[in-house]
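Novice: Chain by chain, the residues:
2 protein chains.
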Amino acid sequence: MQELLPTEQAIFDKLKQNISDVYHHYGFLNIETPIIERSEVLLAKAGGDTEKQIYMVSKTAESSDSADQALRFDHTVPLARYVVEHNNDLAFPFQVTQINRNFRGERAQRGRFREFYQCDCDIIGRDKLPIAYDAKVIACIHDALKTFNLPEMKIRISNRKVLAGFLAAINATDKATEISSIIDHAEKIPLEKSRAALEELQLSSDQVEKIIAFMFTKGNYDEIEQKLTEIIGDITPVREGLDELKEVFSILNSIDGMSDIEIDFMIIRGLDYYTGTVYETFLKDYREIGSISSGGRYENLAGNFSDQKFPGVGGSIGLTRLFFVLNEQHLLNVETSAPIDYVVMPLSSDEYASAIKLANQLRSKGKQVDIDFDDRKLGNKFNRAAKIAKYAIVVGSDEAASGNYQAKDLATGETEALSL
Amino acid sequence: MQELLPTEQAIFDKLKQNISDVYHHYGFLNIETPIIERSEVLLAKAGGDTEKQIYMVSKTAESSDSADQALRFDHTVPLARYVVEHNNDLAFPFQVTQINRNFRGERAQRGRFREFYQCDCDIIGRDKLPIAYDAKVIACIHDALKTFNLPEMKIRISNRKVLAGFLAAINATDKATEISSIIDHAEKIPLEKSRAALEELQLSSDQVEKIIAFMFTKGNYDEIEQKLTEIIGDITPVREGLDELKEVFSILNSIDGMSDIEIDFMIIRGLDYYTGTVYETFLKDYREIGSISSGGRYENLAGNFSDQKFPGVGGSIGLTRLFFVLNEQHLLNVETSAPIDYVVMPLSSDEYASAIKLANQLRSKGKQVDIDFDDRKLGNKFNRAAKIAKYAIVVGSDEAASGNYQAKDLATGETEALSL
Numbered sequence: 000m001q002e003l004l005p006t007e008q009a010i011f012d013k014l015k016q017n018i019s020d021v022y023h024h025y026g027f028l029n030i031e032t033p034i035i036e037r038s039e040v041l042l043a044k045a046g047g048d049t050e051k052q053i054y055m056v057s058k059t060a061e062s063s064d065s066a067d068q069a070l071r072f073d074h075t076v077p078l079a080r081y082v083v084e085h086n087n088d089l090a091f092p093f094q095v096t097q098i099n100r101n102f103r104g105e106r107a108q109r110g111r112f113r114e115f116y117q118c119d120c121d122i123i124g125r126d127k128l129p130i131a132y133d134a135k136v137i138a139c140i141h142d143a144l145k146t147f148n149l150p151e152m153k154i155r156i157s158n159r160k161v162l163a164g165f166l167a168a169i170n171a172t173d174k175a176t177e178i179s180s181i182i183d184h185a186e187k188i189p190l191e192k193s194r195a196a197l198e199e200l201q202l203s204s205d206q207v208e209k210i211i212a213f214m215f216t217k218g219n220y221d222e223i224e225q226k227l228t229e230i231i232g233d234i235t236p237v238r239e240g241l242d243e244l245k246e247v248f249s250i251l252n253s254i255d256g257m258s259d260i261e262i263d264f265m266i267i268r269g270l271d272y273y274t275g276t277v278y279e280t281f282l283k284d285y286r287e288i289g290s291i292s293s294g295g296r297y298e299n300l301a302g303n304f305s306d307q308k309f310p311g312v313g314g315s316i317g318l319t320r321l322f323f324v325l326n327e328q329h330l331l332n333v334e335t336s337a338p339i340d341y342v343v344m345p346l347s348s349d350e351y352a353s354a355i356k357l358a359n360q361l362r363s364k365g366k367q368v369d370i371d372f373d374d375r376k377l378g379n380k381f382n383r384a385a386k387i388a389k390y391a392i393v394v395g396s397d398e399a400a401s402g403n404y405q406a407k408d409l410a411t412g413e414t415e416a417l418s419l
Numbered sequence: 000m001q002e003l004l005p006t007e008q009a010i011f012d013k014l015k016q017n018i019s020d021v022y023h024h025y026g027f028l029n030i031e032t033p034i035i036e037r038s039e040v041l042l043a044k045a046g047g048d049t050e051k052q053i054y055m056v057s058k059t060a061e062s063s064d065s066a067d068q069a070l071r072f073d074h075t076v077p078l079a080r081y082v083v084e085h086n087n088d089l090a091f092p093f094q095v096t097q098i099n100r101n102f103r104g105e106r107a108q109r110g111r112f113r114e115f116y117q118c119d120c121d122i123i124g125r126d127k128l129p130i131a132y133d134a135k136v137i138a139c140i141h142d143a144l145k146t147f148n149l150p151e152m153k154i155r156i157s158n159r160k161v162l163a164g165f166l167a168a169i170n171a172t173d174k175a176t177e178i179s180s181i182i183d184h185a186e187k188i189p190l191e192k193s194r195a196a197l198e199e200l201q202l203s204s205d206q207v208e209k210i211i212a213f214m215f216t217k218g219n220y221d222e223i224e225q226k227l228t229e230i231i232g233d234i235t236p237v238r239e240g241l242d243e244l245k246e247v248f249s250i251l252n253s254i255d256g257m258s259d260i261e262i263d264f265m266i267i268r269g270l271d272y273y274t275g276t277v278y279e280t281f282l283k284d285y286r287e288i289g290s291i292s293s294g295g296r297y298e299n300l301a302g303n304f305s306d307q308k309f310p311g312v313g314g315s316i317g318l319t320r321l322f323f324v325l326n327e328q329h330l331l332n333v334e335t336s337a338p339i340d341y342v343v344m345p346l347s348s349d350e351y352a353s354a355i356k357l358a359n360q361l362r363s364k365g366k367q368v369d370i371d372f373d374d375r376k377l378g379n380k381f382n383r384a385a386k387i388a389k390y391a392i393v394v395g396s397d398e399a400a401s402g403n404y405q406a407k408d409l410a411t412g413e414t415e416a417l418s419l
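In order, the protein sequence lines correspond to chains A and B. Be aware that the first sequence starts at 0, since it is given in numbering that gives the first Met the number 0, and climbs by one per residue. Be aware that the second sequence starts at 0, since it is given in numbering that gives the first Met the number 0, and climbs by one per residue.
One chain only, chain A, in its complex shape (with noise of 0.2 Å):
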């Protein structure tokens, strides 16, 4: 688990306050899901790797509560349980933003923890919802993700109905686990070993062919169209994918300020769930950092829960995570200048209530005041003060008397002047 010293925290925590800014001037609503739920709402949504890494929770004396509870992996298996519970009293298309812990006993890796903030945002509609939110939800990640001053960003994204009908048109439908997995895992493997991998899988050469060809296509939305065509002929089993990736590309160009976007049919996401859209953003530069934050459309949130239809999209972006791997690559480029911004140093206990009222004033215009009532040597608070803080002022009788005080600059040693 990450555990931060003070000044560490309040980096990350700027970059979890600049995540939420951003997500609620898009009008994205706050919503908090308990921590833990029942076991069984977690485990029909859990499968494989993921209900092994699941945190089981138990009292260690009996209780009148005898349900099986367990920690959520992640937001999206709680927010359905939500959207289902109180769907009454909700607005549709539901847009919603959840930044909180999940839990994941994973086995310990460099960057991978057991506990980690997600900052996701969702829009959940009823029975149908328009396709311009997909682009929606990726405009506002990637404003959140500008708030970092990071270095250049590319968004890659592709449909999972284009990889559904690709896969029609070549009749491997049948094999559509597997492909996709192998599409999913060949930017980091040599091609030679995802050409073995899908040979391995019985297809004819002119199939394993088709589908390097599908998983290299790249580019702006007329080129992918053109490559497609020459890949299968005949577009149509890929018509309505295509035109989702349309109109989430032309939705995303039209917009000041966006970084470089790019279709890419590599780009799969593992989850099951996502049925449309799905996209991630890397840093142009730093591609070996992975993606910064990922997403997509799911045509159901709720299937397990309930009968209602409630298709959504949604994106995440790992805090956790990305800390660790921004501050490994010297990339956290928010303001890291002392966390506060006065110590205020009474000489003597004469001077609390002087003390007080300054740090009182300096307060109410925003300021960020510590004092220091130790009675240790003024060295020595200086010393602390530098730690922690920007400027120093000394309380003495002289001052107290006269409301006329010195702000030291811990960092140059200059003084300026402040009146009471």
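If you are wondering where the hints come from, they were derived from the structure by calculation, not from laboratory data. Errors might be hidden in some of the hints.
Under the rule of at most 20 Å between Cα atoms (straight-line distance), these lysine to any residue pairs were calculated in the SDA-like manner [as the list claims (entries may be wrong)]:
1. K364/A with M257/B
2. K386/A with R125/B
3. K386/B with Y220/A
4. K15/B with F11/A
5. K15/A with M257/B
6. K380/B with T411/B
7. K13/B with K386/A
Far from chain B, by Cβ distances over 12 Å, these chain A residues were calculated [claimed, not checked]:
8. R100
9. R103
10. D133
11. A138
12. E151
13. G218
14. K366
15. A388
16. A406
Don't be surprised by glycine CBs; every beta carbon is placed ideally from N, CA and C.
Dock chain B against the given chain A, drawing on the hints supplied.
Specialist: Relative to the frame of chain A, chain B by itself:
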């Protein structure tokens, strides 16, 4: 567990942000400790009921990590571990805030939740910590509560050293635990029951009457010193505690805008680890709510983990419970208008680009703006907008062409012009 609808959540979040802002203005540094701790760390401190309420955590599958783990039940135990672990990197006195969730498997009860926010601030010294910090913590929490716009507050303070000195003076030190508990509960039961409980301890009737006189002692400093003298004659045994009380009381009284403060020996605070100042805050006209914040001085934060001495003073606002009771009493006097500012409604996809441009311009002015891409009837869109926003702006082809928009106030129906 508490789960709020978005409108309530917005109020909760505002209160939490207000507390956080005030704590930071007082110079407290935020930290976040993991929600999952090793059981031995938690159990070393938890006693009695708390131990029974701990949530244990286990993995569904075996993992490399076999240590017993549990969910923290307060911020103090993780803070003790944090301070010991990172003490070389911290500047003492270490002023620290934790605003986060804790977990206790309590029996279900109105207004008691198993997952709850506590907003703590603590000041930790190394070896020693001047008593003026006790006043600082109380003042800080008081200012945080002032942001709630509550009815008149009253702060009741006492000091455990006075209690200990008093019990020594009447030769009842050997029954300190039982007597403390009786005083602690005296407010909620008739006097005769408290008297009977004291009599059951085999105390002399003189001792019983002195304890009753003691527990009803309250007032300003001079009053309580005089009353104590009347009860026990020689006040030497309570001198140290009285000096501390006097200093805390006089510092707090010197602060502009401070609420009514009273020394009140009925204040005990159940927790064993308080050793000096203890305090509780109440709403004068809503005593049935109980204390809305509390805290005190502890001689040694980390006695279980370390040979080093870390004296501290802290206070806490139990926000989840407080939100619940204030809501019930209609005392949530913070802004309760719609959570977002604008819903922008493009009439067709031709106006998407203009709608996005308008929304981004409003966002750049700090406004919270939703875009409704839904293709339902305009009336339905207005119904949704009225639930979540203050204004709606329709973007048709005329508006898109001219850049002149009308913002409709969803409460009054009035419109005002907006121009790009």
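Novice: Does the no-contact call for A138/A survive, Cβ to all of chain B over 12 Å?
Specialist: Answer for A138/A: violated, closest chain B Cβ roughly 8 Å.
Novice: Keeping to a limit of 20 Å between CA atoms, is the pair of K15/B and F11/A held or broken?
Specialist: holds, 18 Å
Novice: Holds or violated: are the alpha carbons of K15/A and M257/B at most 20 Å from each other?
Specialist: violated, 33 Å
Novice: Given the hint that K386/B pairs with Y220/A, does the C-alpha gap stay at or below 20 Å?
Specialist: Roughly 37 Å separates the two Cα atoms, so the pair is violated.
Novice: What's the verdict on K386/A and R125/B, does the C-alpha distance respect the 20 Å limit or exceed it?
Specialist: holds, 16 Å
Novice: Take a quick look at whether K380/B and T411/B sit within 20 Å of each other, Cα to Cα.
Specialist: Measuring from Cα to Cα gives roughly 17 Å; hence the hint holds.
Novice: Would you assess whether R103/A, listed as outside the interface, keeps its beta-carbon beyond 12 Å of every beta-carbon in chain B?
Specialist: violated, 10 Å
Novice: Is the claim that D133/A lies outside the interface with chain B correct, judged by CB distances over 12 Å?
Specialist: Given a closest Cβ separation of 10 Å, the condition is violated.
Novice: When you look at the beta carbon of E151/A, is every beta carbon of chain B farther off than 12 Å?
Specialist: holds, 20 Å
Novice: Quick check for students: does the CB of R100/A sit more than 12 Å from each CB in chain B?
Specialist: Given a closest Cβ separation of 7 Å, the condition is violated.
Novice: Holds or violated: K13/B and K386/A, Cα atoms, limit 20 Å.
Specialist: violated, 30 Å
Novice: When you look at the beta carbon of A406/A, is every beta carbon of chain B farther off than 12 Å?
Specialist: For A406/A, whose nearest Cβ neighbour in chain B is about 15 Å away, the distance exceeds 12 Å, so it holds.
The structure is inconsistent with the numbered hints 3, 5, 7, 8, 9, 10, 11, 14 and 15, although it conforms to all the rest.
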